[in-house]
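Residue numbers (this note's numbering), protein chains in the order written: chain W, 2 to 402; chain P, 34 to 456; chain C, 24 to 484.
Hint data in this document are derived by calculation from the structure and do not stem from the laboratory. Predicted, not measured: the structure shown is a model, and the values here were computed from it. Don't take every hint at face value.
Claimed, not checked - Which chain W residues face chain P? A few, computed with CB under 10 Å, are given here:
(1) PHE270
(2) TYR273
(3) MET316
(4) ARG318
(5) SER378
We put the beta carbon where it would ideally sit given N, CA and C, even for glycine.
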Amino acid sequence: MSHALHPAPHSEAFSGKVAGPLRSVGLGCLVVAALIAIVSGNATEFWSAWLHNWLFSITVGLGALLFVAIQHLTKAGWSVVVRRVAECLSVTIGPIAWLAVPILVALLADSHSLFMWNDAAHVMEDPILSGKAAWLNAPFFVIRTVIYLGIWWWFALQFYEGSVRGDRKDAEGQLSRLRARSGPRLIVLGVTITLASFDWIMSLDPHWFSSILGIYLFASAMVAGLAALTLVVLGLRKIGLLPQVTVEHLHDLGKLLYGFNCFWAYIAFSQYLLIWYANIPEETGWFYHRQIHGWAEVSLVLVALHFVLPFFGLMSRGAKRHAPTLAFWSVIILVANWIDLYWLIMPSVAGRSVAPGLVDLLLACGFIVLTASAFVSAAAGRSLIPRNDPLLSESLKFHNH
Amino acid sequence: MSTTVEPTPVTTDEPEPASRLFGAIAIFESAEKLLSAATALKQSGLTKLEAHTPYPVHGIDEALRIAPTRLPWVVLAGALIGAGGAFAMQHWMNGIDYPFLISGKPLMSIPSSIPVTFEVAILLAAFAAFFGVLLFNGLPRLAHPLFRTQVFRRVTSDQFALVAESDDPRFDELRFGVITTEHGATSVESIEQDVSSVAMPTLLKAAGVSLVALALIPPVLIAQARATTSEKPRIHPIQDMDFQAKFKAQTTSPFFDDGRAMRLQISGTVARGDMPIDPAISTGYTSDAPPGPESSQWLDSIPISPTIELMARGRERFNIFCAACHGRGGDGDGIVTVRALELQQGTWVKPISLHDRSVRDQPDGRLFNTITNGVRKMPGYASQIKPEDRWAIVLYLRALQSSRNAQPADVPADVLETLRETN
Amino acid sequence: MSAVPIPTRTPSESLRPPLVDGEQTLSSITETVCSIVERPQTPRAWYIAFAISSSLTLMLFGLIGYLIATGIGVWGNNSPVFWGWPIVNFVFWVGIGHAGTLISAILFLFRQQWRTSINRFAEAMTIFAVTCAGIFPAIHVGRVWLVYWLAPYPNQMAMWPNFRSPLLWDVFAVSTYATVSLLFWYLGMIPDLATLRDRATSRVRQFAYGLFALGWTGSARQWHVLEKAYLLLAALATPLVLSVHTIVSFDFAVSHVPGWHTTIFPPYFVAGAVFSGFAMVVTLLVPARHLFGLKDLITPRHLDVMCRIILATSCMVGYAYATEFFTAWYSGNRFEQFAFLNRMQGPYAWAYWTMVTCNVLIPQLYWFKRFRTSPWLMVGVAICVNIGMWFERFVITVTSLSRDFLPSSWDYFRPTAVDVLMFVGSFGLFFTLFLLFCRFLPMVAMAEVKSVLPAPSVSES
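With the rest of the complex left out, here is chain W (with noise of 0.2 Å):
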């Protein structure tokens, strides 16, 4: 096919000024926390509050980059103008990918107010997590991780920059080559997000296991990806910078969103029945900290903000279809996915209560903003939809019937 004859349309991105600072006030945040912090002597606060947060942004991006290789996989033609936007979100992976090093930093150190595994006095008493000990030693995991967040970024990367090529030259090959290797990386994805859940949430309350938790991560990862997606094209849509992107995209976004939510409430609502129902010593704990000491009413909130609230708000036609409506229950949304984070990972950390502190907030903001922060960079100077894609006139005329 050949190059564009007509005008493309202008998206005209923004310039990346804004990243800078949004960069230092992000980093800002995250040094005031681990002032108070070492001020306070309280690491085990900090810690977790560190892996909440940062796995926070994490699913964001792993969200987006799903996004965009399921878009592939299925050649879909509706969702080209936001397809730019979500690889922006998706590599922001990269930057938020180097706040891991203090975690594994620690881990090195033999710190084990986080990962109770990494006691190797504790370890030694335990049979069970001495026969678990050739796959959760600090070394290993440090190896992983750095493989599952390269693999990610790797691929985050690939899929962005083979489109953004495509924005100046051959977008037909790009785009045919990263269909091809759309099917292949999402099962690598499907492999690592697996693993990384094991290893970030699991293996936190090292005795536990639950072989759904993989596609639990997955789950939470599309729903805040979609969230994002939405809240951020949204706002570029506010502000005249996308203006390709109709009421019927929208729309769609809200489908998906909605669907991935009922998604996440059925892959949620399975691990707490059969676990609740069998009732085995070694698994049901896991839920018994979460229902009590105050985790019960953060377990309900989590029903009602994750689940039935976003059911019926976003049921109808007109609430996906009408803007202000869609932010208010995708932002609603990340924040269920916020406290899901946070009651899957505070209560097996010994000495965290149920409010969140200084600490969580400040590393809330510091970790949000970093992700904003390496969107715009993403961003900066380039199209906001993909302009040469041979399937961006089909988004365009996009109509639900």
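Starting from the structure of chain W, add chains P and C where the hints point.
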């Protein structure tokens, strides 16, 4: 089939009683032509205008100004009724009307009621959707004036039709013909409605009446069976294992000479567990028959040697057989008693406390006899507890009683010292 | 909506090949589909196939009668394997019954228009598979004449069913699924039945099709309501499809039996069900399009897409095998570890490796274009998947039960001839229903295919 663009003139001078004008139909070859004609006719003010197409044509709703259907609300109502009904049903049935514990799950358990709640919600919502289609579309309607026209028969395959009904005040067949032809109609015809035979055919009527009559037979038979009594045994189509080839106790058998189904013990043999022992050990008294309450013929001590093993055995048997009513401590507060009193069972006699002086003062043999033969409401346990075990229970019971009435002198000096220190 | 000029380029042919081949018009589609059921002379091959399948069906009914008269001891089920072939067959058939509603509902919601050519066919397959599935648990209850005890009805025993039992959830799930699938199938078929009614040349056909077409006239208002209802039913059927095999997986996974109790079971079973369902669709569709001359409506593109879905679900199933295996090791639970090692190395290792080969290894051939384009290679792989998915259920059910917590009761399960013949007979029932469908009902959703025909026949607004 008419291919003329001239509409068939309505014959007014020769009235046909069997039919009247229903409306007019125009046939198109493509959806675009249909759409433009529909838009034009709608603008001309026709209200009773309908398009018939072989597949859903997009844009026709706008052209004919069809209001969005309220079906989604019906379906939502179905889902909510299904979910609420199923949830309430499960909680009432398993939690209130027939409560029973299964694998330690709560009687009213939310997690385990979700699957059925979900399924019934979907089922009723699907019914609402399906029957909503029938209701909103007025289906089934097997007779329709359109079915009487030849041209309509291709409309469900590959042609497109516009139909205007004659009871529309703005209906004008000529104008309809002109406008549709302008927009490319290949044929326009009038549609007659058959008014002569609105009555149901006799055959159908007869079939319907006989079906109803036949359908009444089973309920009438059931009603009759419920209202009357019968000498004959009830019909028993599924035998299960209700009738078995075996002899029951106290019945006759032609197989044996004496005609008895039950057999006597063969002389000179001893049944397992029936080895004769000292009558005093097996009864608790030395006389031939149970003596009076104050008699001296009750055994005054336990006739087998009281070892620590016997004591442990006695505790185990006591907790199995006695504690349910008497309570583990012998205070008469076993779970059966507690439950019976809670339910205010009038026939229940609360067992006396085994620490009561009247029990404590009884000789061992009399206690043994009570276990063997029962007292008041208490049944005898001779068939369930072996004599040695009954003595073991007596031994344990004595220990229980001493535990409530011990004096410092009963305790060895060194133990007493330790107890004093800990208290 | 925007002031931006819209590119004039259209997507390339390779990305968006047409949904139907050849010069198709409204009348040619009607002709192609209707002529199959309208031809005066039924082909001899149909009679032969019908004779075989209906004899097998009769054998199935005969065996069911024998079973009811004798007791379920005629099966190989015995301590400790109380769930033998009947449950394996049940899960196998229910799984196959997932593709139809998936194609109709989920692909509809995802606007996968290629589904229109195959959805009627797949939905029919769903209903027949669920029929076969329903037979097995019903006769497995032992006293089949008391099966109505499963329903919550007021009775003289003053008892209600136990709603905390997954087996009762299954009753609700499978019966809801069968009902909703039937409604969905029938609702979509009403316009096509009207087409057949209006083309009918004999009074009998006109009356029969007319009765089931309910007086459909294809009016814009009828279409409006029908389309909305179809969308709503699709939205209802999508979570329903997921729930059915999820609840089937609960039958196993809420227990404590090692190898059954693992949290990944619900999504794993659903993926497996879709996998087996699509394999069965391909297995049937390739010969059917060949025999009935539907090659222009069911194009190589349709088959290619279905192969890709089989490949994707094969990877998901492989992922689930690997995850539960890894988790068994990771759990540190000796019983779990034994259960999985026993599958690989124990007395049923042959079944386990058959399962892995057929479900995970062989479908990888679909990465090669040749296997997705050559109909007979494609069917070969799909048949392997069908075999593999039966073995998956066999492995799950039998290996775990035959090695329970009590080593003294361990035993090797052997099916009896009745087990085998009943399974064969269930295929007979399935194909009997299927042949009747092919002979008397429109195999392709004509109205839906017509609505995705490329211009100029159709104008998309």
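> If you take the shortest Cβ to Cβ gap from PHE270 (chain W) to chain P, is it below 10 Å?
Replying inline: holds, 7 Å
>> Let's test the interface hint: is any C-beta of chain P closer than 10 Å to that of TYR273 (chain W)?
In response: Hint on TYR273 (chain W): holds, closest Cβ of chain P at ~7 Å, below 10 Å.
> If you take the shortest Cβ to Cβ gap from SER378 (chain W) to chain P, is it below 10 Å?
Replying inline: violated, 43 Å
> Are MET316 (chain W) and chain P close enough, Cβ to Cβ, to be under 10 Å, as the hint says?
Replying inline: holds, 8 Å
>> Quick check on the hint: ARG318 (chain W) CB to chain P CB, less than 10 Å?
In response: OK, holds: ARG318 (chain W) within 10 Å of chain P, min 9 Å.
Consistency with the previously given hints fails for number 5 only.
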